[in-house]
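*Asks:* Sequence:
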Amino acid sequence: MAGGAVVHTVGGKTYPGKMTAFVFFTCLVASSGGLIFGYDIGISGGVTSMDSFLSEFFPSVYAKAKATKDTNQYCKFDSQLLTLFTSSLYLAALMTSFVAAWVTRVFGRKWSMFCGGITFLAGSALNGAATDVMMLILGRILLGVGVGFANQSVPLYLSEMAPANLRGMLNIGFQLMTTIGILGANLINYATSSIEGGWGWRIGLGLAGVPALIITLGALVLPDTPNSLIARGYAGDAKRVLVKIRGTDDVHDEYEDMVKASEEASAIEHPWRNILQRKYRPQLTIAVLIPCFQQLTGINVIMFYAPVLFLTIGFAGDASLMSAVITGLVNMFATVVSIVSVDRLGRRALFLQGGTQMFISQVVVGTLIALQFGVAGVGEMSRSYAILLVLFICLYVAGFAWSWGPLGWLVPSEVFSLEIRSAGQSIAVCVNMLLTFVIGQAFLTMLCHLKFGLFYFFAAWMLVMTTFVALFLPETKGVPIEEMNLVWSRHWFWGNYVTGHDVAGGNRRSHAV
865 MAGGAVVHTV GGKTYPGKMT AFVFFTCLVA SSGGLIFGYD IGISGGVTSM
915 DSFLSEFFPS VYAKAKATKD TNQYCKFDSQ LLTLFTSSLY LAALMTSFVA
965 AWVTRVFGRK WSMFCGGITF LAGSALNGAA TDVMMLILGR ILLGVGVGFA
1015 NQSVPLYLSE MAPANLRGML NIGFQLMTTI GILGANLINY ATSSIEGGWG
1065 WRIGLGLAGV PALIITLGAL VLPDTPNSLI ARGYAGDAKR VLVKIRGTDD
1115 VHDEYEDMVK ASEEASAIEH PWRNILQRKY RPQLTIAVLI PCFQQLTGIN
1165 VIMFYAPVLF LTIGFAGDAS LMSAVITGLV NMFATVVSIV SVDRLGRRAL
1215 FLQGGTQMFI SQVVVGTLIA LQFGVAGVGE MSRSYAILLV LFICLYVAGF
1265 AWSWGPLGWL VPSEVFSLEI RSAGQSIAVC VNMLLTFVIG QAFLTMLCHL
1315 KFGLFYFFAA WMLVMTTFVA LFLPETKGVP IEEMNLVWSR HWFWGNYVTG
1365 HDVAGGNRRS HAV
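Position in the sequence shown counted from 1, then plus 864, gives you the numbering used here.
It should be emphasised that the hints constitute simulated quantities derived from the structure, not laboratory data. Heads up, none of these hints are tricks.
Below 25 Å or equal to it, Euclidean Cα-Cα: the simulated DSS-like pairs (lysine-lysine) are: (1) K1124 with K1108; (2) K1103 with K1124; (3) K1143 with K1341.
This structure is a prediction, so every number in the text was calculated from the model and none was measured.
Generate the whole structure from the sequences, applying the supplied hints.
*Replies:* What follows is the structure, encoded as structure tokens:
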């Protein structure tokens, strides 16, 4: 299989850089964990825009949604109970991330993925058969447990299995699967919304079991990563897996780096305490700010409230679902752009270009809605105006899909040294889920009160995060994970925290990258 150089040289050491069929297969199966995350984002927004679902579980919202055009369009879906249905998953994922970090470290990446698949499967069954709101929310909590495990383990698994020079491309497979999940959910929403009898939403919620089954069965056949096997005392198995995924016996340099990194990591008894040390300040900052910024782009409110948002700004029911399908398609194809370019152009270039594009799009979307509905939120949208609005939302989604979408998961998963990797990834997932919960829970209320200003709110954050990337995020493309501390030690700002003495292995890794 094509894809990348056969040998990747870093500081005089050689690391196999070939895309083998086996590493492609393992990363493809593992990245299917993104399906469960993406499917849920897409399906929850769709069912909450269906009349049959709203009338059965949220009758007050249904009555408000059916009000006349003289009703304030910004506020007609404002309901804390409705947003709790959507955002309870992320609160559960937040709480699960701490347990998932321990499972991932002690039992390995693959069994953490397995736990995620099983609990997501149970949650999808409960939601598909729901008869009241509490049953719905309980199902969402189980789904959240599954997402917490998957988001903890899958990015780590992909980063550790991939050759350094292909790590970006293979890791973004997780985000690509997320976008496929969103698109699949949007198509199912569109297909089931017109089913007679009003039970189409049950199909959508229940079919979440399909991606859950894929990752559950996939986890059973996948090998664990060499890094995880070494850390748990299976050095022989680790070398066999490394030889298999690299497609060559010449893995001595890479294997020795893994073993020495593991020995250093095993001397660390308290990774949660150690991550607070000064020398880990850059990684901790990235673990907190990158996922925080990813959510403050406003993307999830666009993706899991897309049908509701399009209904709010004047689209008919089927038209709102079809518009969500369009944004889902844009999301998926733009993610492919990221896969192709991330290991060529680098992380920073995509962050900066995507951030600029998203900033401009948010300002335009906010202005278009302001001109149409004003502060009162009363009015209707013409067809040409609606098409223009969807166009700029699609430009915004495309910018996210080749920048903050995949890189928001990739960068935190690749910057940590082994001794703090599980703790660091857990913090990244925790922050991501916390912000997703808060923004998801607050979005419809914020839309009601901030009105079109909500889009300016997210645009302002785009300006902040793009500036942060320009000043404080070093380039990490092509750098082996075991060598990452060198990048921080040579940064104009972070070099004040990570000195040459702090670089893992001291003289062992003092060579140039």
